[in-house]
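A.B. asks: Same order as they appear, the protein sequences are chains U and H. Our numbering puts the first residue of the first sequence at 18, with every later residue one more than the last. Our numbering puts the first residue of the second sequence at 18, with every later residue one more than the last.
Derived from the structure by calculation, the hints contain no laboratory data. Think of the CB as a built atom: it goes at the ideal place given N, C-alpha and C, for glycine as much as any other residue. Treat the hints with care, as some may be off.
A short list of chain U residues far from chain H (calculated; beta carbon distances all over 10 Å) [to be verified]: (1) T169; (2) S243; (3) V266; (4) L501.
To give an idea of the chain H side of the interface with chain U (calculated C-beta under 10 Å), a few residues [what the hints assert, rightly or not]: (5) R47; (6) S125; (7) R143; (8) P146; (9) P148; (10) G254; (11) A255; (12) F319; (13) D323; (14) R351.
Protein chains: 2
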Amino acid sequence: MIIPLERRPGSPPVHRQLVDYLRRSIEAGRVPPGARLPAIRDLARSLGVNRETVASAYRQLGELGLAESGVGRGTFAVAPSRRRTSDGKDHRESRFAPALSRGAAAASSLPALDYAAPPGAVRLERLVPDPALYPLDGYRRALESALRDEGTALLEYGDPRGHEGMRLVLVERLAHAGIEADPDEVLVTGGSTQALALAARAFCDPGDAVAVESPTYPGLLATLVSLGLRPVAVPLGADGLDLDALDRVLASAGIRLVCTMPTFQNPTGVTTTLEHRRRLLAIVSRHGVPVLEDEFQKDLRFHDRDVPSLRALDRSGQVTYVGTFSKALFPGPRVGWLVAAPPVAEAATALKRAMDLASSPLAQAAVASFCRSGGYDRHLRRMTRELAARHARAAAACERHLPRGAVVTRPEGGLAVWVTLPEPLDAMALLPEAKRHGVVYSPGMLFFPDRRRSSSLRLVVGAAAPEQIERAVRALGDAARAALSRLRRPRPAGVERAGIHV
Amino acid sequence: MIIPLERRPGSPPVHRQLVDYLRRSIEAGRVPPGARLPAIRDLARSLGVNRETVASAYRQLGELGLAESGVGRGTFAVAPSRRRTSDGKDHRESRFAPALSRGAAAASSLPALDYAAPPGAVRLERLVPDPALYPLDGYRRALESALRDEGTALLEYGDPRGHEGMRLVLVERLAHAGIEADPDEVLVTGGSTQALALAARAFCDPGDAVAVESPTYPGLLATLVSLGLRPVAVPLGADGLDLDALDRVLASAGIRLVCTMPTFQNPTGVTTTLEHRRRLLAIVSRHGVPVLEDEFQKDLRFHDRDVPSLRALDRSGQVTYVGTFSKALFPGPRVGWLVAAPPVAEAATALKRAMDLASSPLAQAAVASFCRSGGYDRHLRRMTRELAARHARAAAACERHLPRGAVVTRPEGGLAVWVTLPEPLDAMALLPEAKRHGVVYSPGMLFFPDRRRSSSLRLVVGAAAPEQIERAVRALGDAARAALSRLRRPRPAGVERAGIHV
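Isolated chain U (complex conformation) (with noise of 0.2 Å):
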């Protein structure tokens, strides 16, 4: 243990120094109850102290009660009674005031929700698949099989590009997907967050503006903002990008990317047409600016009948294309990936390498067997056999329970539904009833750029099991009509007569 100990004129003395330094140990949890402290004669000799300074220290706090001795045992920590004392941070001089990053500071200014909920609500605010559906067994097997294969080798710094094996999995199942690329197209990233993050900082330099979806992740403008690129809304509806006004901005404003995700669309879940799809290349390619395409759920799909991706379509290298394995199997070992022309993909993997060198090839290596001994494909069946049953009873759900003008959104595939509320409820002013009746979901204000008003709400139905889901959507509804008949009944003329007069 080492205690820094000062010892300048004027400064307190040694012991005091020592029995302050452990007591704030102690009190903070930072020397856990029961830990033994270092024997005396050691830390006497480590500190350049008197045996007789450290010995009487420990008696001291042995009268504080934050220590107690066993004979021939040593000296160990004793929890105190309060977790902090008020002057436990008092040992700073003078704090310094950090002068923080117009960066950190966008960064910081994202809002946060309250998500907090009574005990039982069922929570349908994040998107992320139900741990319930994991295949825990089969990701085991695959971290023992890839250890056993490749041993060490996973545990060195990996390729700042990824795990070959990992590449070479993903260049044949996007194959599959009518997706050409080479090995040096892709680059593995930290989840779609980063992917999505380096596409941005390959193409865009702080001040640059981003065309982007309106509704849109909310994740996705987190980290433009914090990159200092100004996003651009681009309204979407139930056909996806609003493509005149997408050309209307391209021709105007000196957009430098487009990002849309038109497959399972996030909050709304929507899927844009062949069609749609070409026509929004032909007006990116006559803008010249490159697009971004996030299709973060494109495994989740309930039928048979794919779309093309843009970057399927695509015949000029113009589209980079993301999608990450969070949201189909599980977030954890954060694997995602993004698909870029050479010069892109060069550009985004020495940005990677800058920023955090290379992902883990262990966690790589395992998603890579598990791919490859059919027990991805075999829980994609089963997983989206399921959340096609979980949306049934949602969309029957929401029939039932909400009431009359709510419009629900019946996607292809994904975890989510986006609910639209009649007006005029305000879904951000609904959630804290929302949580009293049972039901935590994303309000829509926290999906559009300018932060609008919105009835609209996302809920994340993949998330909770059918029962639940049936649960959900009957509080949703009971809170709406509540909302709603307040909204709608005629304030007393008296209140409205004090108000005026308030």
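Using the hints provided, position chain H relative to the given structure of chain U.
C.D. replies: Frame of chain U, contents of chain H only:
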């Protein structure tokens, strides 16, 4: 399998598109040899074409030697005789030339050396621990134990600040090293590189200046430059940073951050004294500039006597501290950490969330479990004993084999030594010859922000077994002496005259 077919007027016949697509996929290895092609009936249905169209395409692939069929078993891809035909990538109509960002250009512009070497050459260029010393079995047990204890929770999105068990282990280990930190001041990062990047972004915006040691870790320069930051070099000597120079730099330029490695500095191995650290803190405190202290090799100390970290001596919260398991354990799990005053830790967490959401909980839980079991401390005892022996062997070999005038540092810990060869040798120019003699190292030029010519080089003596070290140092000595004798030999007069006339 989805195949993007063009069906507009003027498109090639569907049959030809199909053959071309499959041919390219097989030739490029995206459909690997032996893979079964989709059943004719299924592919025809999913593409909306006649079955005979698919059957004919398969026959044509067979004639090209790219497919073969077994009766009743289906059609299978065959390895092409050449991996890529001349028109392998000619299917893109016109290549989009992406305008990459300045940040991407900066990241891609950093020098990448050619480290290719004859087989048998001893590779001492990368600052990585020797895989022969990895505690593979212990880590495997730690992985199993973590999965047993925490199950699917380790496969979900983790806390952006890091896995709680990991942060508690770090808090306790830090306390043992004299660093008082609460769990909310600790952020787990993707290796120390991500910690450096996040800290730099928390304090600096693009265009800002950052003081760095010269020589320093090239990865730090890559990180700063790719973020649009300007490294300002402060000379580092045998006693650490030149503090008078630091004082002058801080007085003149608008430096936003000072980066320093006071312990087993990379590349020199220098450790500063307690007095030097106190003076450094006084200087930065007078100028009000935050410090980034990187103790990436702290756990690799050969002897008991430690010097308190700047962070342990800091009373004001001015020091942000970075550490990692990559050098003392292994880098694969990507577990580093950042310790900072709460507002800085919060900003760094927000930035991390916007970059990759969170690190893998499983990797963190496994490292934490390995620490709690005592496995890490046992490994450190073995590892530091072994490293001390390798350093001793290297020192003796340098004494014996290097030319007179060579100077070698004697670090008290870590993996590397810094060798300064006699002038006028240039370690960069010497590298090809050294590789031929059987040793690979990192030339000094890489470590100087101004890329100056240098007769110094970094030798990672911890990366190889003792007998290899002996061989490597002898090879270095032979190469250096050969080059020296050429350089010092007066050039024949005739050649010199010829040179003047050409």
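A.B. asks: Any hints this thing doesn't respect? Which numbers, in order?
C.D. replies: 1, 2, 10, 11 and 12
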